[in-house]
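Chemist: Sequence:
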Amino acid sequence: MAKHLRRGLVALSLLVMPAAPMLAQERESPQVATASEVDLDALLARMTTAEKVGQLVQRMGGRQRALNSRLGPDELDRVRRGEVGSYLHVAGAEPLRELQRVAVEESRLGIPLLFAMDVVHGYRTIFPVPLAMAATWDPEAAESHARIAAREASAAGLHWTFAPMVDVARDPRWGRIVEGAGEDPFLGAAMAAAQVRGFQGSDLSAADTIMAGTKHFGAYGAAEGGRDYAGADLSERTLRETYLPPFEAAARAGTASFMTAFNALGGVPTTGNAALLRGVLRGEWGYDGVLLSDWHAIEELMAHGVAGDRVAAARLALEAGVDMDMVSDVYGQDLLASVEADPALMAQLDEAVMRILKAKRDLGLFTDPYKYHDASREAAVMLSPEHRAEARRIAERSIVLLKNEGDVLPLAKSAGRIALIGALADDARSQLGSWRARGVEEDVVTLRAALEAAHRGVAFVRGADSRSSETGGIAEAVAAAQGADLVVMALGEDFDWSGEARSRSSLELPGAQRELFEAVAATGKPIVVVLMGGRPLAIPEVAEKADAVLATWLLGDEAGPAVVRTLFGDANPAGRLPASFPRTTGQVPYTYDHLPSGRPADPDLAKDTARYMDLPIIPLYGFGYGLSYTTFAYGPLAVDQAIIPADGGRVTVSVPVTNTGARPGDEVVQLYMRDPVASVSRPVQQLRGFRRVALEPGETRVVTFTLDAAHFAFWGQNGGWVVEPGIIELSVGGASDAIHGRTDITLVGQGRGRASPASTPVESSDRPAG
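For the sequence shown, position 359 (counting from the first letter as 1) is numbered 384 according to my numbering, and the numbering increases by one without interruption.
Don't take every hint at face value.
Between beta-carbon pairs, the in silico distance windows are [as the list claims (entries may be wrong)]:
{"id": "1", "residue 1": "D595", "residue 2": "A635", "range": "38 to 48 Å"}
{"id": "2", "residue 1": "E788", "residue 2": "G308", "range": "28 to 38 Å"}
{"id": "3", "residue 1": "D334", "residue 2": "A300", "range": "22 to 32 Å"}
To be clear, the hints were calculated from the coordinates, so they are not data collected in a lab. Backbone N, C-alpha and C fix where the C-beta goes; we use that ideal spot for every residue, glycine too.
Using the sequences and the hints given, assemble the complete structure.
Modeler: Next comes the structure, spelled out in structure tokens:
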């Protein structure tokens with residue numbers, strides 16, 4: 026890493042040299058002051074309109090795979106002229122120090138730059154992809170990952186990440202489901218807030234924190250048919266109750282920025298949607314941070330058909346409340362003329378500039394613009410042993426045990442010959458997942474490497490992969506299986522099947538993997554499937570014929586050790602599904618919290634109900650599902666009071682949970698609610714609390730959740746969050762379809778909520794029984 030940084034510094038220095046220095050009388054020296062003393066109003070007053078527009082411009086400093094490559098003399102002259110406020114696709118403490126020096130020492134006003142990158146699930150130390158992170162059902166793990174990512178990214182000179190992605194995704198055909206927390210707004214909100222806290226810490230001006238960039242504001246995850254960039258058409262209730270809560274939670278957690286969605290909502294592209302951006306985000310929620318467009322999204326307002334030219338697109342985005350233009354340069358080239366022609370736009374321009382200046386002040390860049398450029402710190406923190414250890418711990422917590430027939434898992438240490446079959450077992454690149462930042466394949470420990478190191482007698486065969494229909498390797502795989510005592514099969518999707526612009530029309534195993542599995546299953550040997558990938562898959566044949574199935578997602582640098590430790594029982598799987606697994610692609614979208622319907626689904630085909638005739642009425646694996654190497658028992662569900670006022674009431678729910686098996690293990694206790702009679706039809710279940718609890722064999726702990734009456738609110742027919750009188754059904758269990766206890770409470774009177782219930786944290790705790 027240090028060698029690459031030195032090379033980048035030399036290259037950048039050479040690029041700086043040809044540019045003529047700015048004359049002393051042309052430049053105003055920046056004032057050195059503490060962050061609290063920076064007079065941003067005075068600074069704004071000194072700025073020309075062109076310099077104001079420059080603060081709204083984010084340019085590419087390079088490409089994702091060629092960072093800093095565009096920082097030539099012309100680019101540096103733009104910085105000197107004050108035409109740039111931020112760069113993305115840049116990195117490196119030393120090269121970015123030089124770029125920052127040009128900004129603060131050679132521009133007229135000396136305003137520092139913001140340096141940004143998509144640091145989504147790790148910078149150099151790569152953690153599980155976000156969907157896997159959500160499978161931990163552990164917000165503390167998500168916060169820990171973001172804290173380490175911020176530590177490494179900030180050491181490389183970065184101030185800003187475009188994460189967390191908090192889009193609720195209810196159609197697994199959408200490739201970007203891998204980047205978020207799955208189908209549920211309550212779980213998604215908890216993970217969103219945790220990551221914001223991790224990235225930003227308790228003091229954004231500390232040198233080891235970075236700005237969170239929560240994305241993609243609106244309803245990007247509701248794209249029609251799961252096709253990336255496609256529009257969404259939702260009721261306001263669905264938008265408010267399902268898609269906006271994680272964003273509201275991130276705003277409440279103090280995210281320094283939001284990014285707009287690419288797509289249109291009800292025909293209005295989010296990047297030009299003033300009702301959503303100025304009305305809901307800034308008006309209702311009182312959000313005053315930076316609002317950034319997505320890549321070329323302002324320019325794409327023309328393709329959406331709401332702007333006739335670039336000038337109109339620039340005006341529409343500014344009026345909607347977008348502060349910064351990511352790389353399309355529509356603001357840089359076309360906004361100045363609009364503002365000069367219409368002085369009424371100047372107030373909106375000033376507001377946008379002030380928000381960007383405040384972000385730079387809050388980071389402490391006016392006080393010390395070079396605080397993020399310590400090369401020695403960069404060398405010390407990257408991929409440290411402590412970071413790798415945490416990556417492995419979180420990877421282990423992400424793994425979901427889907428099937429374990431006959432307790433084939435965990436494997437005995439003395440297990441005989443193992444045939445390891447499947448290209449994904451030796452695919453380091455795929456374990457880095459989507460948005461790998463500065464992760465490199467050489468740092469990844471694959472399943473093959475980890476299993477061969479842990480166990481003698483492992484024979485690896487590729488068999489077939491997820492990219493080819495070639496079946497030539499199947500015969501070799503069958504032969505390996507016949508000569509082994511046990512088969513471990515790595516199946517699923519490689520990294521490039523999920524992510525941006527990676528939507529799929531089919532959720533079945535791609536390539537020749539189904540043929541491979543069927544052929545190996547026909548040998549009759551015990552089969553453990555390690556299911557990898559970035560989305561729920563339709564795997565009914567695997568669920569039927571495999572002896573055990575572990576959903577391991579794409580787990581990052583420590584994927585191999587995490588999986589192997591789980592296979593052999595050194596780690597007990599306790600991940601739970603953050604999104605339902607369908608039986609076939611035609612069953613999607615399916616969510617656990619669907620509306621009840623006038624004719625609820627019934628397994629009896631003689632009845633006309635809301636179901637498919639050729640499928641069971643439930644998914645293959647439901648939301649919240651996951652098994653363990655131990656077993657758990659639930660005691661009776663209790664509440665501290667059965668009647669509470671709808672206006673300001675509180676209730677504490679408690680349940681004892683016991684580890685009834687022989688191994689230590691974690692149970693994820695999940696609390697659900699239902700409002701069976703209301704002025705609008707309510708979902709059959711809604712998650713309203715969860716807690717991951719570690720239990721020794723025979724240990725009992727009492728898990729409690731404390732909810733306000735406002736947690737039972739919904740978006741009323743006339744708008745606003747309403748709490749109606751009546752019965753609320755509460756249930757608790759280990760999954761949405763594994764409920765172990767139920768009880769009721771009664772709300773009396775009328776109440777109002779101030780925020781979406783799914784975005785509002787629920788107090789939870791656990792204590793020893795007795």
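Chemist: If a hint holds in the structure, say so; if it doesn't, say that too.
Modeler: Okay, the hints, checked on the actual structure:
no. : hint                       : verdict
1   : D595 with A635: 38 to 48 Å : holds (45 Å)
2   : E788 with G308: 28 to 38 Å : holds (29 Å)
3   : D334 with A300: 22 to 32 Å : holds (23 Å)
In this structure, none of the earlier numbered hints is contradicted; all agree with it.
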